[in-house]
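Participant: Start from chain A and add chain B according to the hints.
Chains as they are written, first to last, in my numbering: chain A, 1 to 446; chain B, 447 to 892.
Be careful, since some hints might not be right.
As the list claims (entries may be wrong) - Simulated coverage check for chain A against chain B, where a stretch passes if three residues somewhere in it have a Cβ under 8 Å from a Cβ of chain B: (1) 111-123; (2) 151-163; (3) 281-293; (4) 312-321; (5) 332-338; (6) 398-409.
Keep in mind that the hints were calculated from the coordinates and are not lab data. For each residue, glycine too, the CB sits at the ideal point set by N, CA and C.
Number of protein chains: 2
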Amino acid sequence: MNIDTLINARWVIPVDPANSNKGNNILEHHSLAIDDGEILAILPTEEAQNKYSAFDEYHLGSHAVMPGFINCHTHAAMTLFRGLADDLPLMEWLNEYIWPAEQQWIGPEFVNDGSRHAITEMIRGGTTCFSDMYFFPDQVAEVAVETGIRAVIGLILIDFPTAWAKDADEYLVKGEQIHDKYRHNSLVHTAFAPHAPYTVSDGSLQRINTLAEELDIPIHMHIHETVDEINQSEEQHGKRSLKRLHDLGLLSPRLIAVHMTQLTEEEIALISTQGVHIVHCPESNLKLASGFCPVSELLQQDINVALGTDSAASNNDLDMLGEMRTAALLAKGITGNSSVLPAHQALEMATINGAKALGIDHITGSLTKGKAADVIAIDLDTIESQPLYDPVSHLVYAANRNQITDVWVAGKQLLKNRTLTTINENIVLSRSRDWQEKINAGKINN
Amino acid sequence: MNIDTLINARWVIPVDPANSNKGNNILEHHSLAIDDGEILAILPTEEAQNKYSAFDEYHLGSHAVMPGFINCHTHAAMTLFRGLADDLPLMEWLNEYIWPAEQQWIGPEFVNDGSRHAITEMIRGGTTCFSDMYFFPDQVAEVAVETGIRAVIGLILIDFPTAWAKDADEYLVKGEQIHDKYRHNSLVHTAFAPHAPYTVSDGSLQRINTLAEELDIPIHMHIHETVDEINQSEEQHGKRSLKRLHDLGLLSPRLIAVHMTQLTEEEIALISTQGVHIVHCPESNLKLASGFCPVSELLQQDINVALGTDSAASNNDLDMLGEMRTAALLAKGITGNSSVLPAHQALEMATINGAKALGIDHITGSLTKGKAADVIAIDLDTIESQPLYDPVSHLVYAANRNQITDVWVAGKQLLKNRTLTTINENIVLSRSRDWQEKINAGKINN
Chain A
1 MNIDTLINAR WVIPVDPANS NKGNNILEHH SLAIDDGEIL AILPTEEAQN
51 KYSAFDEYHL GSHAVMPGFI NCHTHAAMTL FRGLADDLPL MEWLNEYIWP
101 AEQQWIGPEF VNDGSRHAIT EMIRGGTTCF SDMYFFPDQV AEVAVETGIR
151 AVIGLILIDF PTAWAKDADE YLVKGEQIHD KYRHNSLVHT AFAPHAPYTV
201 SDGSLQRINT LAEELDIPIH MHIHETVDEI NQSEEQHGKR SLKRLHDLGL
251 LSPRLIAVHM TQLTEEEIAL ISTQGVHIVH CPESNLKLAS GFCPVSELLQ
301 QDINVALGTD SAASNNDLDM LGEMRTAALL AKGITGNSSV LPAHQALEMA
351 TINGAKALGI DHITGSLTKG KAADVIAIDL DTIESQPLYD PVSHLVYAAN
401 RNQITDVWVA GKQLLKNRTL TTINENIVLS RSRDWQEKIN AGKINN
Chain B
447 MNIDTLINAR WVIPVDPANS NKGNNILEHH SLAIDDGEIL AILPTEEAQN
497 KYSAFDEYHL GSHAVMPGFI NCHTHAAMTL FRGLADDLPL MEWLNEYIWP
547 AEQQWIGPEF VNDGSRHAIT EMIRGGTTCF SDMYFFPDQV AEVAVETGIR
597 AVIGLILIDF PTAWAKDADE YLVKGEQIHD KYRHNSLVHT AFAPHAPYTV
647 SDGSLQRINT LAEELDIPIH MHIHETVDEI NQSEEQHGKR SLKRLHDLGL
697 LSPRLIAVHM TQLTEEEIAL ISTQGVHIVH CPESNLKLAS GFCPVSELLQ
747 QDINVALGTD SAASNNDLDM LGEMRTAALL AKGITGNSSV LPAHQALEMA
797 TINGAKALGI DHITGSLTKG KAADVIAIDL DTIESQPLYD PVSHLVYAAN
847 RNQITDVWVA GKQLLKNRTL TTINENIVLS RSRDWQEKIN AGKINN
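Okay, chain A solo, but in the shape it has when bound (with noise of 0.2 Å):
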């Protein structure tokens, strides 16, 4: 039979919820069977050989295939502000250095340099697919497509004007029409993206609840991102945020929140009762001194908990591996418990449970038959991951994205051997470059 691709690995990790209890279901000298952009099979390299004849074939004898990283809280423009200020106090950071220089800089310009730069970052990185809250997310779906990438674009509101949009009406109308532009698009999925619940009144979260649900799309947004927004919402709401949001009709499978560093047992319970996902960025939490998000406790209710890098200006980079590992050691270190969030967990975490929060499971988020052949290749014969004797610890506790080779999204191929084939690395770093100089005078000139 002819097919388009065939990856012959000496490790295929499926991550595929459907195998969960055969543990970390990891199988040697499997190949992965592409064909029209989509997983044909996974089967003994030896059948495969026999079975198919493909027009692309990779023998990866010291690599294990994979789903790719699925980074569920980016703003990926921000890259351009990569250590732009860091160990400072989270407003400090904020009111001198972050906000400053978003006033005057962003634009469309700027957020398509600084996405494509941070698209350049991920798939390097093995993200195949990031769930992006930033201005102008017109820019980052066009560059996502010039790029191939696979994003959910967040449609963003906050209640003050700024250069995308003056007010909650335009934010709406210029989100719609980003949802409408792609709606056929299958790389380029949609979100509601209201900033936080001290920066969006309830008129709009309820207007965004009901779009929501028309369009049939998620809600994406920061929550109980630390005590002072906890403090704040009780002062002008006289309750928590995310009581307020409950009150409002928000909490559902449909939001994806963020942070979650502050959480009761009762609102664990709540969590857990409406379907709600978290999202964990425990490197942004950690820079940020934000507080901790209990995920042993929320994955224990059977919460369902992904992961995100946040952006490049308080992590400071898009490195889902290491992310992953974080959150691993993080979560055991917190609770004083060594065997929480085991390797296989933080692997489920960076791919599946990504895709069920931005409902796009029935899409991505594992090699399954039938989905999108979103798939990255890491080699582990190096000495840094050997000796080795579970290629999943490796991948958690050892390995470096460096070891990333291929990645392919929808069975095109991104990354080939370490080289990016829909982007010029060149022509990214000199741009940046340009913002830098142009960024670091007007921070001389203030």
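Facilitator: Just chain B now, kept in the frame of chain A:
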């Protein structure tokens, strides 16, 4: 003037304590002149070009050049157990996996091969000096000499017989022999390494204390790693480990206390008064859920805190760049203060503070005229570390160890544009694969 080596760099980051009042002390377009294994001068590249004629000259136009990392706590040979078992409670991990494997396999050949693998990983990751604690330290020393890395060889003592020694007397005699053999070697240093308070008797500790003073070498020991250790000490000795060591006269600037996750305010004051050095191993402490070393409080009391990875069996890598990042992030998270342990301080912990702890800061740990040329270069012109506003920010929060291109120890180049000069990587990998097969077979037979 003719010299051996001239390194012209985009940035030189000396981490020189004499210049610490100058803030980060980042020199742009500077050169490092090296002769006879020592740092001769650091000066502007333009000046250096006129002044020196070098046998080897390097133009590192997008690199930061800095002192090599000092990994203050390793069990190098345990790299052969990397990923053998994870996600387990400490005692189950030790009793059911690590100790049986050690009992079955430890011997000169295991330690020789395992240490060479570890050193290969460390050099590739920019570590120029490590302080080891393991059985057959004679083998660790031999491999250090063969590979050219700087090492502090731990003269281990533990109150039970092993393949290395049958009792305290034999441990001490064999340790002293190693000390004597290398006393005139400029790269191999020694330290006594009594394993831990719960495995070494009062008598042995007193003998070590006297010998360490005579030989003028440090004492490297696991102390206050877990709550269990403290509880056991209170039961057996009627006091906490640190108090017991104090009563035995061990608390002094000669003591390198590793882990220290359990500390009262009084104990921190005592450590400060006695000038004890602390080695923080954040990733191992997280992975084994041992507790949190209060790094920020220790630094506030002017206690010297250095960094270690611990073994690759509980980390699971020997990556000091990653360890530095985890330390900087974790300190913020556990204090709830995003301004503690800023990037430049994390860099000091990974370099000069390590040299101080090991008692070799007159020789290494910073780029200072007259010190050994233990130097590394990191290429910062990658997608993952651009744009760039502050190279120290990227070293700590964004760079990964694959960006380390060149490593010199005492002026000798051990890594040249990512290629090892003293080690055959393929032989290392092949030997480790052999061990993996044997260890796996042993696991199944048990």
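Participant: Which numbered hints does this structure break?
Facilitator: Failing hint: just 2.
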